[in-house]
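J.: Sequence:
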Amino acid sequence: ALLKTAEFGNILEEAIPPFIALYWGSLMIGRWNGGVNVFNTSKATNMLLKFIVPALAFGVIIATNIFAEHNVDAFYIYPIWILIFILISFIGGKNAGKTLMLFGVSGLIMMLIGLVYPDREIAKFFFISGGLFLSIMWPSIFDLAIAGLGKNTGKASSFLIMMILGGGVIPLIQGRICDFDLSDPQGIMGISWTHFSYIIPLLGFAYLAFYGFYCPKILKKQGVFHVESEGGAH
10 ALLKTAEFGN ILEEAIPPFI ALYWGSLMIG RWNGGVNVFN TSKATNMLLK
60 FIVPALAFGV IIATNIFAEH NVDAFYIYPI WILIFILISF IGGKNAGKTL
110 MLFGVSGLIM MLIGLVYPDR EIAKFFFISG GLFLSIMWPS IFDLAIAGLG
160 KNTGKASSFL IMMILGGGVI PLIQGRICDF DLSDPQGIMG ISWTHFSYII
210 PLLGFAYLAF YGFYCPKILK KQGVFHVESE GGAH
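Residue numbers (this note's numbering): 10 to 243.
These are calculated hints, taken from the structure and not from any lab test.
Each residue gets a CB set at the ideal place from its N, CA and C atoms; glycine is no exception.
Treat the hints with care, as some may be off.
[What the hints assert, rightly or not] In silico lysine-lysine, BS3-like type, Cα no more than 27 Å apart, as pairs: (1) 229 to 107; (2) 52 to 107; (3) 230 to 160; (4) 103 to 226; (5) 52 to 133; (6) 107 to 13; (7) 13 to 59; (8) 164 to 230; (9) 103 to 230; (10) 103 to 160; (11) 59 to 107; (12) 59 to 103.
[Said to hold, decoys possible] Derived Cβ-Cβ restraints for the label pairs, each shown as a range: (13) 52 to 216: 32 to 40 Å; (14) 121 to 169: 28 to 36 Å; (15) 163 to 194: 51 to 59 Å; (16) 53 to 92: 18 to 26 Å; (17) 184 to 92: 46 to 54 Å; (18) 193 to 162: 44 to 52 Å; (19) 131 to 75: 17 to 25 Å; (20) 215 to 131: 34 to 42 Å; (21) 170 to 49: 24 to 32 Å; (22) 184 to 232: 41 to 49 Å; (23) 21 to 73: 28 to 36 Å.
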């Protein structure tokens, strides 16, 4: 919906699929990158793969779009966000809490910049990069949620899976905000309601950052001092 607004260039329906592919491909980049940690490789090899694997994944995205005869000229700036993602993944390492906090903060910053950045041609990539920073969060959330549960880990895992509601609720809330453009075309704070609706994922990233920061403190009180993230294993 955002790309169809006048604010973002009234992009035609047939020109939007490449951007959707880039978003979902960003999730793939993160999952592949996280999967590197599963393999028992040397530190040097692991570091090298952390750069090679995202590059290969991005290459797949580009090649797929070219094969489908889509224009991808605008995408060649996107490796900037991929490089930021890689650097943050190095800082977070295998520490689940630290990784979740860092990627939560990063996602929050990307949404905030997307809301205020004056060049809409660039701003849309800040929103799309949300897929990158979301991509390796689930393993960290999962590992933190079941840490220290011992024999109850299996039951807790089942309950955790059953409580996954975000994908069914958040889009409805964001979509409802977008609908305000129909009754109030003037928008809010100088931007359209559809553009403003990205305040919702911003708040989501903020909570995830808080969870990544605060949850390890609670676990320490329970005698759990370090929780490793399994990367792309889940």
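J.: Each hint: holds or not?
T.: Comparing the hints with the structure gives:
| no. | hint | in the structure |
| --- | --- | --- |
| 1 | 229 to 107 | holds (14 Å) |
| 2 | 52 to 107 | holds (19 Å) |
| 3 | 230 to 160 | holds (19 Å) |
| 4 | 103 to 226 | holds (17 Å) |
| 5 | 52 to 133 | violated (35 Å) |
| 6 | 107 to 13 | violated (37 Å) |
| 7 | 13 to 59 | violated (35 Å) |
| 8 | 164 to 230 | holds (22 Å) |
| 9 | 103 to 230 | holds (21 Å) |
| 10 | 103 to 160 | holds (24 Å) |
| 11 | 59 to 107 | holds (18 Å) |
| 12 | 59 to 103 | holds (13 Å) |
| 13 | 52 to 216: 32 to 40 Å | holds (33 Å) |
| 14 | 121 to 169: 28 to 36 Å | holds (29 Å) |
| 15 | 163 to 194: 51 to 59 Å | holds (52 Å) |
| 16 | 53 to 92: 18 to 26 Å | holds (19 Å) |
| 17 | 184 to 92: 46 to 54 Å | violated (32 Å) |
| 18 | 193 to 162: 44 to 52 Å | holds (49 Å) |
| 19 | 131 to 75: 17 to 25 Å | holds (22 Å) |
| 20 | 215 to 131: 34 to 42 Å | violated (23 Å) |
| 21 | 170 to 49: 24 to 32 Å | holds (28 Å) |
| 22 | 184 to 232: 41 to 49 Å | holds (44 Å) |
| 23 | 21 to 73: 28 to 36 Å | violated (20 Å) |
Hint check: violations occur at hints 5, 6, 7, 17, 20 and 23; the rest are consistent with the structure.
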